[in-house]
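The whole structure should be built from the sequences, with the hints applied where relevant.
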Amino acid sequence: MTMCSSLASYLNRELNEAQDAAFMAHLADCPGCAREVARWQALEAGLKEAVDRVEAPLRNVDELAAARMAALWRQERNAEPRRRSGRWRAVAVAAVLLALLGLGLWRFVVAGGSSGTLWQAPSTGPLTLALRGDRIGLSSSGEVEVLEEGPTTRLRLHRGTIACAVQKRQRGDAFVVEAAGWAVTVVGTRFSVRAVGPLSIEVTVAQGAVRVAGEGWSAVVRAGQTLRGKGEGWHIVAAPPPLVEGIAALLGDRPSVSDRRLESAPAASVGAVPVDLPSASAETGASASVPGRKVPAVLTVPGLRDMDIWRDWIVSGKTAEACAALDRHTGAHPMDVDAWMLLGDCRRKLRDFTASADAYRRVVSAGTPELAGRAAYRAGTIEQDQLKNHAEAVRMFERYLQSGHPASLAAEATMRMAIALMELGRTDEAKVRLMELVRRHEGTGSAARARRMLEELK
Amino acid sequence: MNGQQDTVEVAGHPGERSDRDIMAALAAGDSAALGALYLRYAGLVRCAIARCAPEMSIGEVDEQVQEVFLTAARRSRDYVESDRLRAWLYGIGARTARSWRRNTWLRRRLLKGREGEPVGMAAAVSSSPEQQVGRREEILQLLARLPAVQREVLLLHAVDGWSGEEIAQMLGITHEAVRTRLFRARQAMMAAADAGLPASFGRE
Chain H
314 MTMCSSLASY LNRELNEAQD AAFMAHLADC PGCAREVARW QALEAGLKEA VDRVEAPLRN
374 VDELAAARMA ALWRQERNAE PRRRSGRWRA VAVAAVLLAL LGLGLWRFVV AGGSSGTLWQ
434 APSTGPLTLA LRGDRIGLSS SGEVEVLEEG PTTRLRLHRG TIACAVQKRQ RGDAFVVEAA
494 GWAVTVVGTR FSVRAVGPLS IEVTVAQGAV RVAGEGWSAV VRAGQTLRGK GEGWHIVAAP
554 PPLVEGIAAL LGDRPSVSDR RLESAPAASV GAVPVDLPSA SAETGASASV PGRKVPAVLT
614 VPGLRDMDIW RDWIVSGKTA EACAALDRHT GAHPMDVDAW MLLGDCRRKL RDFTASADAY
674 RRVVSAGTPE LAGRAAYRAG TIEQDQLKNH AEAVRMFERY LQSGHPASLA AEATMRMAIA
734 LMELGRTDEA KVRLMELVRR HEGTGSAARA RRMLEELK
Chain R
368 MNGQQDTVEV AGHPGERSDR DIMAALAAGD SAALGALYLR YAGLVRCAIA RCAPEMSIGE
428 VDEQVQEVFL TAARRSRDYV ESDRLRAWLY GIGARTARSW RRNTWLRRRL LKGREGEPVG
488 MAAAVSSSPE QQVGRREEIL QLLARLPAVQ REVLLLHAVD GWSGEEIAQM LGITHEAVRT
548 RLFRARQAMM AAADAGLPAS FGRE
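Listed in order, the protein sequences are those of chains H and R.
With this note's numbering as the guide, the letters of the first sequence map in order to residues 314 to 771.
With this note's numbering as the guide, the letters of the second sequence map in order to residues 368 to 571.
The hints are simulated quantities; they were obtained by calculation from the structure and are not laboratory data.
Please note that a few of the clues may not be correct.
[Claimed, not checked] Only part of the chain R face toward chain H is listed, based on derived beta-carbon distances under 8 Å:
| id | residue |
| --- | --- |
| 1 | Ala395 |
| 2 | Leu406 |
| 3 | Leu437 |
| 4 | Arg444 |
| 5 | Asp445 |
| 6 | Val447 |
| 7 | Ile506 |
| 8 | Ala511 |
| 9 | Leu513 |
| 10 | Val516 |
| 11 | Gly528 |
| 12 | Gly531 |
| 13 | Ile540 |
Every residue, glycine too, gets a C-beta built ideally from N, C-alpha and C.
Okay, here's the thing in structure tokens:
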């Protein structure tokens, strides 16, 4: 067998080190093989460059698409338990219709093992659930999802009003209701929660106390009080009697009282006292004060934040709204690098690449090394692929490589930087980057590409 | 399902976790792990689909990419650690694209034009002859003339840097079949290059 018969294996990169060296020595003595190798390697390099350039847009992946993917999978998985509980609901609804025809009985469902289940009350009347000793009353046409059930129970109110009678819990356990971006945490009480609009809820407490937490602040609402508001304007008022009565109605304690009381009763404005919110930048405990009564507040953020709401908007297609909200937020909070990062993603999704790159650069200048590195990489890809500003792309990739975060993008960033340098005619610097790529990422596809590019640049 | 919030959690950057950890988390029910997997490999899967089904529009590619990752999530418990995740996902993508082509061949034949803009190499070679200038476009034309099975193997080897054994595993064929297709693809490309291209082809 002659060495010429190893040509195909050599081009397939199937030879071991010794065989490779032997074949390369053969090339020096065989013009035919040498010509074939040179022809193919030139064609292969051109093929690689052409395909990489054409496929580059396909390789761009953003976090929003990734988040949408995760949400799709979550929805698919959540659909299964709902289908199982659908039979329960069908039976229960039938029972309710019969009851409301004349018996005046409330529908009462023992919802054991219902994590991941969505409960919907019929339009004809409320639904009462029992969850391990806690009682939940859901107003007609209301919708509540049981996220977690156990010593810690977590619900999400999607629509309507719920009233809760919550048994006392051990230290460390909690009963939490999420609604409209807020989290209501209780350890043993009777209260109601109503979402009255985006980022706005109303919480009325009949017995015990609850803590309502949002971004950067929380407040305690006690028996006989109602907390209501949105955004920056919150009030704690004496709970109007209809709201307190409505809690009993929803829980089935006083079926003669319509559950609609909670839905329709507005919070009383007479005597309303605004809650003084502590500034978001304060690191120590601060108080929201009601005259004559100190309401302790803590600056932990156990519940949802506006960032989660905005991401949710983006995934559900409201990118422009999320963008507008982020614009306002970053205007008021210019040092919130997480918000700038999300704004950059938003702007990119809306194809406003210049604004997107500007947002990312904010993070580069003010973020943690990891966040700054990620932002620098994203800004670099936009500058290179969309804005064709190769000098700025080089600067961003350099910044990313200095940060060292995240490490998984190092090979790609080095390759991109080399390509950008070549576009600028800085071939010597490009070669340095390519050699660095070969040295640091030996064995990867990127290193093989770099090696071929170096051959081409000789 | 415990403690899972329905609000969107943007996945932590994929660089922070290994493939094994991501797949283990996905098999254990962590939805965010699918986001991490997507961030890491959606580009690869998009290219796989666009190469195997160049007639697809960008919207159709994205739909099929979603389907690939949902399939990966459904089968996450069957994933064996020794499998190379990239190869596994690429294989799912390629099969998804071929299945799409089989299922839509009649529709595509009946339609006079494309339903959407082509992507990837299909876009690059669909420009008019007057616009096809330059070495890059010439090479893409050569590539487009290859039989699909040869083109697929050539791209995996020459562009992506996969070995013959890896390609055989991804496509579910023998190593010998990979060698044969590579050989024929190279021969065809070089013959076409010699036959139809100007003297500048293949040289700086």
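So, going through the hints one by one against the coordinates:
{"no.": "1", "hint": "Ala395", "result": "violated, 12 Å"}
{"no.": "2", "hint": "Leu406", "result": "holds, 4 Å"}
{"no.": "3", "hint": "Leu437", "result": "holds, 6 Å"}
{"no.": "4", "hint": "Arg444", "result": "violated, 13 Å"}
{"no.": "5", "hint": "Asp445", "result": "violated, 16 Å"}
{"no.": "6", "hint": "Val447", "result": "violated, 21 Å"}
{"no.": "7", "hint": "Ile506", "result": "holds, 5 Å"}
{"no.": "8", "hint": "Ala511", "result": "violated, 11 Å"}
{"no.": "9", "hint": "Leu513", "result": "violated, 11 Å"}
{"no.": "10", "hint": "Val516", "result": "violated, 16 Å"}
{"no.": "11", "hint": "Gly528", "result": "holds, 3 Å"}
{"no.": "12", "hint": "Gly531", "result": "holds, 6 Å"}
{"no.": "13", "hint": "Ile540", "result": "violated, 15 Å"}
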